[in-house]
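Undergrad: Here is how the chains run, residue by residue.
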Amino acid sequence: MNLQERLNNKEYDAIWRHYCGFLDLTLDAYMSIQKRLMEEQMILWSQSELGQTLLKGKTPQTIDEFRSLVPLTTYDDYADVLLQRRSESLPGNPVIWIQTTWEGGKHPIKIAPYTRNMLDTFKTNVAACLILATTEEKGKINVTPDDKLLYGLAPLPYATGLLPHSLNEEIDIKFLPPVKEAEEMTFSERNKLGFKMAMKGDVELFFGLGSVAYAISTSFTNLSSQGSGGLSSLLKCKPKMIYRFLKAKVRCKKENRAITPKDVFNLKGFMVAGTDNRCYKDDLEALWGVRPMEIFAGTEPSLIGTETWSRDGMYFFPDACFYEFITEKDMLKTLEDEHFKPKTYLMDEVIPGEKYEIVLSVLKGGAFARYRVGDVYRCVGLTHSQDQTKIPRFEYVDRVPNIIDIAGFTRISETGIKNAIELSRLDVAAWTAKKTYNHQNRPFMHLYLELRNESLIHQAVNTDIIKEVLTTYFKYLDQDYRDLKKILGMDPLEVTVLRSGTFSAYEAKHGKPITKMNPTPFELGDLLTL
Amino acid sequence: MTHGIFEYFSSLAVISYLFMFLIFLKAEKNNIVRAFLLLLVSMILWTGGSLLMRIEFIPSYILWYHVSLGGMFLVIYSYFRFITAFIGESKKGFSAFYLILLLGCFVINIPSGLFMKWPSIITRNGVSSMVYDEITGFAAVLFLIAGSIGLHVFMMLLKSYRKNHALRSKLTPIILGIIILFLGNLALVLPIFRGFPVDILAGVVNAGFILYSLVKKRLFKLTLMASESVGYLFCVLLGFLVFYTIQPYLELALSVSANDLSTYSLLIYMLTFVAVVSLLFALWKKVISNIFIREEETFNAILKKYSANVAKSLDLNTIFELTVSSIAEATGITHIYMSIPEGAHGNYVMRHSNQSLADLSLVLKKDNPLITCLKNKDDLLKMDEFSHSVDYKSMWENEKYQLSKMKVQYALGLKEQDQLVGMILFSEGGKKQRLREQDFNLIQSIGLIASIAIKNAHTYEKAYHEARTDHLTGVLNRRYFYEILQTEFELSKEGSIALLLVNLDDFKLFNQLYGVKQGDIALKRVAEIIRSSISPTCHVARYSGKEFAVILPAYDVFTAKKLAESLRDQIMSMKNRSTEYRQKAITVSIGISVAPYGAKTVKELVENAEQAIYQIKRKGKNAIKIFDTFVQPESPHDEINKYAQVYDEFKSTIYALTAAIDAKDHYTFSHSDNVAFYATELAKRLSLNEEIVENIRQAALLHDVGKIGIPEHILNKPGKLTMEEYEVMKGHVEASIDIIRHLPSLDYVIPAVLGHHEYYDGNGYPRRIAGDNIPLTARILCVADAFDAMVSERCYKPAFPVEEALHRLERDAGKQFDPVLVDTFIMLVKQGLISPPGSERLKTPRVIAAIK
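Line order of the protein sequences matches chains S and G.
Its first residue numbered 1, the first sequence is counted upward by one per residue in the working numbering.
Its first residue numbered 1, the second sequence is counted upward by one per residue in the working numbering.
In case anyone wonders, no lab produced these hints; they're calculated from the structure.
The reader is advised that the hints may include incorrect statements.
With a straight-line cut-off of 30 Å between C-alpha atoms, the simulated BS3-like cross-links for lysine-lysine are [stated by the list, open to error]:
hint	chain 1	residue 1	chain 2	residue 2
1	G	561	S	485
2	S	268	S	236
3	S	192	S	174
4	S	180	G	405
5	S	180	S	485
6	G	730	S	56
7	G	393	G	377
8	S	486	G	561
9	S	516	G	562
10	S	516	G	561
11	S	110	G	524
12	G	562	S	110
13	G	304	G	382
14	S	140	S	200
15	G	365	G	415
16	S	148	G	407
17	S	110	G	561
18	G	561	S	418
19	G	366	G	524
20	G	562	S	475
21	S	56	G	517
22	S	341	S	355
23	G	561	S	475
24	S	148	S	138
25	S	236	S	253
26	S	262	S	236
27	S	180	G	304
28	S	180	S	262
29	G	407	G	382
30	S	486	S	262
Whenever a hint applies, use it, and build me the whole structure from the sequences.
TA: Listed below in C-alpha cells is the structure:
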C-alpha cells in the first residue's frame, strides 16, 4: 500500500509510523537497524566482483572485520567498473544510473547505480520528507494527493530527477510542469511554465536547490508581471487565483513593494537540497512565508537525511546508508598525507559540536562501500526536545576543504583551478583559493595569486583582466560554472593579486607552502599580512 | 382490482430473467453461456408460468401450471448442466439420464397430476383463490429425484471447491446462490413469510449470484451487452409493470375528479403508459451511454489512436511506449511490462514498463514454462491460474519472486504467425482495482496490433542494427561511420568537430599470446571504455580490426586531447577479470584531427588522423599525435618502441636472467645458449628479416627461464619423471611467460616462448595449437630446442649422436616439428653451418658472450 492509498483510507497513524517512525527510534534501535542492514549489504558486496577486487579475495564475517579489511574508498576505486556500467560486477542489479560531474576526476562524469531496493527505500524516505516538510507537529499529516509541487531541480539522469519519479510511486502529486514535459525543457522554460501553471491553479509545495529556489523566487515578480500582462492570461487562472493575485497587487501597491510569492501562494511545504542552503533559507522564508526544510541527498549516497518540522538539524535515515564519521582533525590530516589512515566513528560514537567528514556504505545492493563522498557535517545534538528524538542530529557544513562548492552548482577542484590558470597563459607564480561569503551571505571563490615579475613587464595584466580571463576559462572547462552565471546570475570569482614574493615568504616562514585549497583563516591571515 | 404481491414479484423476476437472457443472447457462446441461457429459460418458464397461472391467463390456468412445473423440472436439469460446464466436467451420461427422468416425470404428471396435481379454483365471497390438493406419496418420489440431482450438483461443487483453488472465489457465489435458493423455498413453510413470494425473490438473487460468477470467471466475451432493442423491450416490460401498479390509483383519481374525465380515461391511460415508458427509456439511455457506450467509445478512440500511431513507427521503443501508455490510459493498470525475445538465445528480455523506475532485469529463458504456456494460449493468462498449473512447478524461485515483486497478475502472449514475438505482463487496475471484461478485450485488441508492429519493428531494427553496427563490439561499423561523419561535419560547419583514431598497439601479439577470444574481449572492453567516456552527441565506430574512430562534434583540440589522454589511461589500466592470469597491458596510439583548425573537408579530417597514427607507429607506440605536435607520453610505460633502443635497454635484463639460470642450473644456461645459436642460424637461412632473427635469439635465450622455479630434484632427476613431476616440468613454459610478461618491452618474445612445446600435429602443450597456428618463431625454437636436447648429455641420458638426432627430427617431422623447418635444419647441419655438439662446441656460451 502506498502513501496515497493509506491517505485515502485515512490511516494517519500508520502513515506516520511507516514513513517517519525512524524519528522515534532510540539510538540502540537505530544502530540495530544500521548494523543488520549493513550485514546484508556486506554479504552482497563481498560476493560481488567489485567487492572481491577491493577485498582482495577476503571475506569479512563481521562489520568490524569489514571496516578493518575495506579501505576508505573514493570514486577512483569504482571508476573502472562503474563508468563502463558493468552491472554483472556489482552487488545489486542497477535499475537506473544516476550521473553527476566529476570535477578533478579522470573522467568528465561520475555515475552511480541504483538498485530497485535502493529506490524502494528512496521512495519511502522521499515521502517521509514530504510529510515532514508539510507538518507543523509530530504525528500530523498535511499531505493530500491533490497537492501540486513546483519543481526547480535538474531532471534525470541527475539525482534530483529521481524525486518526482519516486514520489509518484507513493502519491499522485502533480508536478509543475509535468515531469515528462519538464525533462525536455531548458531550466528557464521549466521555471516559466511552472510558475505560469502555479498562477493558474495554485501550488502547495516547492522543491529546489536552495540557490536555484532563490533565483526562481526573486524572478517571480517578473514572471508574474509577465503572466498578468494581459487580461486574457489572467482569465485563464482559477477564480481564487485571480482574487489572490489582485488582492496581492493592491496590498503591495499600498505597501509600495514588489509582489512576492507569499502574497499569492499559501505554501504547505518547502524543501531545499544542495550546499549553501543556509545562505538562502532566511530570504526564502521571507519570500514564501514558509521556512524551507533541508533534505540531504547525493548521486552516490542517494537520499540520506532530512530535517523535521522544527527545522533544527537533520537526521540520517537508518536504512539508506551505513554511516561512519571521520573527525575534522583526521580529515585535514588525510588531505596533507594521503597515506594516513583515519579512524572512523559510528553514529553512536559521535560527539555534539564536532565536525565530521561522512563515510558511507550504500545499503540495499549499492556499489559504494566505506566511500568518502566529500561532505562535512556537524553533530548538533544527540536528542531534541521539540522533535522528541533520541538520535544524533546534524547540520551540513560544506564540502571537504579540497573542493570549493559554490551554491550547490559547481564543484571546483585544485586541478580545475590549475587547468584554468594554465589555459589562461597568465604567468601565475603561486596561488591559493578560499571559499568565502559576501556581505549578502552569498558564496564565492576568492583566488589569491602572485604573478611572476618578468611577465609584468611584457603583459598587460590587472585584477580585472585576470578575473575576466580566468572566468572565461572556468566557463570553458566547467559547464556548471557557466550555468552558475547563466542561471543564478552569480559571479563567483574574486581575484586578489598579492605582492611578488608573498608566497615564498610564507613558505620560508612556515617551512611549507600554503594550502592551495581553502587554507584556514589563520593561514590566510598570515599570508595576507606578509 | 387487487394486486397480489406474488404477481408483482413474479413479474419483476420474469423481467429480470428476460433482461439477462436477452443480454446473454448476444454474448459469444460457449458451454457455460449456453447452460446459463438454458437456466434462464427454465427460470422464465417456472416463474412466468406460475405468474400466468395465478392471473388465470388464457387459455387455461392448468396449461400455465404445467408450463411452470415443466420450468421447475428444467431448472433442476439446467442447473446440473450449468454446474458441470462451469467446473469443466463432462457428465454427459448423468445429464441425459436426468433429462429423461425429469421429462418422464413431467409427461406422466400432465394427464393425471400423479406427482403434483394442479390447484382448484374456489370462489368464496366473490374472491377466487387457488387451493392445492393434499400432497400425495408420489410427490415424495418427485422430491427424492429433485433432491438427488441437487445433492449430486452440490457434491460436484464441493469437490471442485476443494480441488481447484483457483476456482474457489468464483464458485463461492454459486454455492451461496444455491443456498439462498434452497433457503428461499424452505422459508415458504415459515409463517412469517406467509403471503410473501420469498422463493421467487431467492430465485432472482440466485440468478444474480450466477451472473456475478460468470463475470468473475471471464470465460465468455460480450460483444455489446446492452443493445438499443433490448433497452426498448426492457423499458416496455418495466413500464407495463409500473403502469399495472399505478393504474388502480389512476382509476380512483379519475373517478373522484370534479370534471368528468372518465370519457378521456383511455387517452389518459395511454398517455400515462407512454410517459412511463419514455421516462424509463430516457433513464435507460442515460445509464447505458454513461456506463457502456461512452466507455466503449473511449476504448474505440484509444484503439484507433493507438493503431494509427503504431502503424507510423518502426521504432521498437516507440511501439512499447505507445502500447503501455494506451493500456494504462484505458484501464488504469498500474504496472505494465513488455518483453521480447532478444539475442542469439531468443530469451525474453524486459524492454519497457510504464513505471519509469521499474526493475527490468527479469529475463525468461525461451523454455520457461510461462513462455511455453503463452505460446499455447490464445487469450490472457491469469497468473493465479498459472500458479496452480503443473507447468508452474518448473518456475525458478527467483522468477516467481521477481514476477510477484513486479505485481504481475496477467500475461498476454503477442503472437504473430504462431511465433511468440513478445508478451505483455500486467497487474490489476489501479484506482478501479478490478479489471473488467471490456478492459481485457481492449488489451487483447492492442496486443493483436502490437504483435504485428513489434515483429515488423524488430525485423527492421535488427536489419538496421546489423547494417550499422559492428557485430563484435556493438559500436558503429566503418560504413556507417562515414555516413555519420559526413552528417556531423556538415552540422559542425559553424563550430568545430574532432576525430580521434584509437589504434591498439601490438594487438596481433596480444591475440597470439592469449588467443583470439581474449583479443575479442579486449576489443569489446576498449569499445565500452570509449563509449562510456563520450557524451550522447558523440559517436564511436570500429574503423578497422584494431582501430576505433571517435567523432566528437563541438570538440576543439584541447578537449579532444584531454579525452584522448583519458582514453589512453583508462585502456592501459583496464583489467581483465575473466582470466586467472594477468594479461599484458594494452596500449593505444591515438591520432587526432580537428576541423576547421586542421582540416577543411571530411576526407582531410580522416586523412589527418590516419597520418597522425602513421607517424606514431613510425616512431614507436602508445602516444597521442595531434597534427604536427607530437604529444609525448609521460608514464613509465610510454617508451618509444625503437627496436635497437629496446634491445640495448634490455640487454642487461636478458643477461641478468640468463645469469640467474646459470646459477640455478648450468645445463639450462648452456642449453639456452645453444638453442639461440641453432635457432638464429635456421632463421637466417629462412631469410627472415633482422628484427625477427633478433627476436628469435632473445626468445631462445629466455625460453627456459621458467625452469628457475622448477625444484632441482626434478630438474636433475637421473631417471624418468613421474606423471606428477612431468606436470611440474611442463609448467616451466607458463612460468617463463610469467617472468617475461613483467618486461613489457620483451613481450614480443612471448609467442615464441609460449609455443615452443606445441606440436605441429596439435598434441603439444600448453595450448595444443597446430600447424601454422603455432607462430613461426615458436616452430623454429621447437626444432632447435629438441635438437640440442638430443645431442646434449643429461643426467638421465647420454648424448645422442648427431645422425641419430637428425633421424629423430626427420621421423617426427609433421608430428612434433614443422617438416619444412626440419628439412632446412638438416641441410644446415649437413652443410656444417650448424656446429654439432662435441669437440667443436664452444666452451664459452656463444650468444651470452656476445651479450657480455
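Undergrad: Verify the proposed pairing of residue 180(S) with residue 262(S), using a straight-line Cα cut of 30 Å.
TA: Holds - the C-alpha atoms of residue 262(S) and residue 180(S) are around 28 Å apart, at most 30 Å.
Undergrad: Does residue 200(S) lie within 30 Å of residue 140(S) when you go C-alpha to C-alpha?
TA: Measuring from Cα to Cα gives roughly 29 Å; hence the hint holds.
Undergrad: Given the proposed pairing of residue 365(G) with residue 415(G), does the C-alpha separation stay at or below 30 Å?
TA: holds, 17 Å
Undergrad: Take the C-alpha atoms of residue 180(S) and residue 405(G), compute the straight-line distance between them, and say whether it is at most 30 Å.
TA: Between residue 180(S) and residue 405(G) the Cα gap is close to 25 Å, so the pair holds against 30 Å.
Undergrad: Do the alpha carbons of residue 516(S) and residue 561(G) lie within 30 Å of each other, as the hint requires?
TA: Given that 30 Å is the threshold and the Cα spacing comes to 26 Å, the pair holds.
Undergrad: Regarding the pair residue 562(G) and residue 110(S), is the alpha-carbon distance no greater than 30 Å?
TA: holds, 16 Å
Undergrad: Holds or violated: residue 110(S) and residue 561(G), Cα atoms, limit 30 Å.
TA: Measuring from Cα to Cα gives roughly 20 Å; hence the hint holds.
Undergrad: Holds or violated: residue 341(S) and residue 355(S), Cα atoms, limit 30 Å.
TA: Satisfied, since the Cα-Cα distance of roughly 18 Å is no more than 30 Å.
Undergrad: Given the proposed pairing of residue 366(G) with residue 524(G), does the C-alpha separation stay at or below 30 Å?
TA: Judged against 30 Å, a Cα distance of about 27 Å means the pair holds.
Undergrad: Please work out if residue 561(G) and residue 475(S) have their alpha carbons no farther apart than 30 Å.
TA: It holds: about 18 Å lies between the C-alpha atoms, which stays within 30 Å.
Undergrad: Decide if the proposed pair is consistent with the structure: residue 56(S) and residue 517(G), CA atoms, cutoff 30 Å inclusive.
TA: This hinted pair holds, its Cα atoms lying about 26 Å apart.
Undergrad: Under the criterion that the straight-line Cα-Cα distance not exceed 30 Å, is the pair residue 304(G), residue 382(G) satisfied?
TA: holds, 26 Å
Checked against the numbered hints given earlier, the structure satisfies every one of them.
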